[in-house]
Amino acid sequence: MKPSEQNSSSASGPLAGLRVLDLTAVVLGPLATQILGDQGADVIKVESLEGDLMRANGVSRHRGMSSIYLTINRNKRSLALDLKRPEGVQALLRLAATADVFVHNMRVPAIERLGLGYEALRRVKPDIVYCVATGYQEGGAFAGKPVFDDIVQSGCGLVDLNLRDGAQPRYMPTLVADKAAGLMVAQAVTAALLHRARSGQGQYVEVPMFEAMTAFTLVEHQGGHAFEPATAEPGYARVLNGGRRPIAVRDGHVTVLPYSPAHWQALFERTGHAALLQKYGPMDRSQLNARVRELYADLAAVVADMDCDTCLALCEALDIPATRIYALDELREHPQLVSVGLFETHEHPTEGPTVQVRPPVRFGTTPARIARLAPTLGEHSAEVLREAGLSTEEIESLAAAGAVKQAA
5 MKPSEQNSSS ASGPLAGLRV LDLTAVVLGP LATQILGDQG ADVIKVESLE GDLMRANGVS
65 RHRGMSSIYL TINRNKRSLA LDLKRPEGVQ ALLRLAATAD VFVHNMRVPA IERLGLGYEA
125 LRRVKPDIVY CVATGYQEGG AFAGKPVFDD IVQSGCGLVD LNLRDGAQPR YMPTLVADKA
185 AGLMVAQAVT AALLHRARSG QGQYVEVPMF EAMTAFTLVE HQGGHAFEPA TAEPGYARVL
245 NGGRRPIAVR DGHVTVLPYS PAHWQALFER TGHAALLQKY GPMDRSQLNA RVRELYADLA
305 AVVADMDCDT CLALCEALDI PATRIYALDE LREHPQLVSV GLFETHEHPT EGPTVQVRPP
365 VRFGTTPARI ARLAPTLGEH SAEVLREAGL STEEIESLAA AGAVKQAA
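Numbering-wise, our numbering comes out as the position in the sequence shown, counting from 1, plus 4.
No lab work stands behind these hints, which were simulated from the structure alone.
Don't be surprised by glycine CBs; every beta carbon is placed ideally from N, CA and C.
Please note that the accuracy of each hint is not assured.
As the list claims (entries may be wrong) - Derived CB-CB ranges, DEER-like:
#  : residue 1 : residue 2 : range
1  : 195       : 328       : 55 to 65 Å
2  : 124       : 344       : 43 to 53 Å
3  : 146       : 16        : 23 to 33 Å
4  : 275       : 328       : 16 to 26 Å
5  : 321       : 365       : 41 to 51 Å
6  : 309       : 149       : 14 to 24 Å
7  : 393       : 340       : 42 to 52 Å
8  : 285       : 368       : 23 to 33 Å
9  : 124       : 148       : 26 to 36 Å
10 : 148       : 309       : 30 to 40 Å
11 : 250       : 321       : 13 to 23 Å
12 : 148       : 275       : 32 to 42 Å
13 : 336       : 370       : 36 to 46 Å
What the hints assert, rightly or not - Lysine to aspartate or glutamate pairs mimicking EDC-like chemistry, simulated, CA-CA at most 16 Å apart:
#  : residue 1 : residue 2
14 : 149       : 215
15 : 88        : 131
16 : 88        : 116
17 : 183       : 215
18 : 283       : 255
19 : 183       : 154
20 : 283       : 298
21 : 283       : 273
Kindly produce the complete structure, drawing on both the sequences and the hints.
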C-alpha cells in the first residue's frame, strides 16, 4: 500500500512550478485540471461552500467524498470560498495574482457578474492563461444554454450512430463528451502556456463542449459530406454497418480484428477455408472496405466452433489483433495493467485505502505522479490564502463573515 504524500508540496512533472486556479465542477473541468496536477502543476480547486456537486455522485464511504470525486480531483488543494460575497471575490483576485492559469466552466455572463471575467483577471495578472469550458461557443445561436453530457451526445451525432445500426436511441454508457472535452481543455491550456513561454503573452481560451464533440464525432463520420457538394451520406461504413462487434465463440465472446488483406488471407488459409479464399480472391484495402459486412459474417462463422483460448491463440500466431472481453471488475487483474502497475493503492487521510488509476502518460525526465489525494472541502483554505498574502486576521475575518470555509 502506498501512503499518499498528502502534505507534499514538491512536484516532479513537466508543469512543476505553475499554479492553476480551478473553478470547474462536475467532470469535464476537474478531469482537465487533474491532468495538469498529475503533470506537476499546483492546482487550487476553488469550490463553493457546499462543494463540487460530484462530491455526492458515485459510491461513498463518507459524505462529500464520492468515488467519482476521488477519481478526478487528486493532486489538488481545496479552497472553499463564497464568491457571491465581495470579500470572497477580492480574496480570489489576490490569489489570481499568483497564478499562471485560470480555468472555469461557468456560464460566461455569470462569471462576468461576479467580477471574475478575463479582463478582471488580466488586471491582476496580465499574462494569465484564462480558459473557459463553455457548453456552446460564445456568439453562437445556442450560447449560454445549459449543457451536460447527455445533451451533447444527442446534439453532436453520437446518439444517431446507434440508430444507424438499428438500435434504439441511447447514450454511450460513459461520460464520453465530458471526458473527451476535458482532454481538449488540458491540451489547450498547455498549448497556451507554451505560447506564453515563447512570447510572454497570456490569452483567453475557449473550449466549447458541443463544438469539440462534433469535431470528435466527425473525424471518421463525415463520409461523403467531406466533399462539396456531398458525394454520399455521412458515416464510416466499417464502423456503422460492417458487422463490427464482438464475436460469439463456444464459451463466450472475443474481439477479433483482421485489419489488412494479409490478415484475412492468413486466417482463411490457416482455418482451411479455401472456399472463402476463392470467394474474395485477391483483395486490396478498397475491396476489403467494400465487402466488410460479408467478411465479418464469415469471420463469425469461422470462429464459432472454437473456444476463447483457441481463437486467441490462433490470432496471436497470425499477428491478428484480438482480445477476450474484460468486465469492469476484471480490469484490476488484466495482465497488461498488472504488469505496468496502473492501479495504485493509497491511504487517504479520511477515506482509508483507496485505489487510483495512476497517470497513464509517461515522461522520461519529468514523471507525473500522485502527490496528493482528493481534498476534503476547504481542507487548504487557510494555507492557500496565506500564500496569496492574506494575514491571519484577514482570513479569520473572511471566516467570520461566512465567505470562506475551512476544514474541521
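ask   = Cβ-Cβ distance between residue 148 and residue 309: within 30 to 40 Å?
value = Check failed, 58 Å falls outside 30 to 40 Å.
key: Restraint check for residue 183 with residue 154, where alpha carbons must lie at most 16 Å apart   = Measuring from Cα to Cα gives roughly 12 Å; hence the hint holds.
ask   = Is 55 to 65 Å a correct range for the gap between the Cβ atoms of residue 195 and residue 328?
value = With a Cβ separation near 39 Å, residue 195 and residue 328 fall outside 55 to 65 Å, so the hint is violated.
Beta-carbon spacing of residue 321 to residue 365 - inside the hinted bounds 41 to 51 Å or not = Once the Cβ atoms are compared, 32 Å apart, the range 41 to 51 Å for residue 365 and residue 321 is violated.
ask   = Taking 16 Å as the top limit, are the C-alpha atoms of residue 88 and residue 116 close enough?
value = Roughly 12 Å separates the two Cα atoms, so the pair holds.
ask   = Does the Cβ distance between residue 250 and residue 321 fall inside 13 to 23 Å?
value = Given range 13 to 23 Å: holds, Cβ gap about 21 Å.
C-beta pair residue 309, residue 149: status relative to the range 14 to 24 Å that was hinted = 53 Å, violated
ask   = How does the Cβ-Cβ distance of residue 275 and residue 328 compare with 16 to 26 Å: does it lie in that range?
value = 19 Å, holds
ask   = Lying within 36 to 46 Å: is that true of the beta-carbon distance residue 336 to residue 370?
value = 28 Å, violated
query = Would you say the C-beta atoms of residue 146 and residue 16 sit inside 23 to 33 Å of each other?
reply = 42 Å, violated
message = Check the hint pairing residue 88 with residue 131 against an upper bound of 16 Å on the C-alpha distance.
response = Between residue 88 and residue 131 the Cα gap is close to 26 Å, so the pair fails against 16 Å, i.e. violated.
query = Does 32 to 42 Å hold as the CB distance between residue 148 and residue 275, or does it fail?
reply = 58 Å, violated
Violated hints for the displayed structure, listed by number in ascending order: 1, 3, 5, 6, 8, 9, 10, 12, 13, 15, 18.
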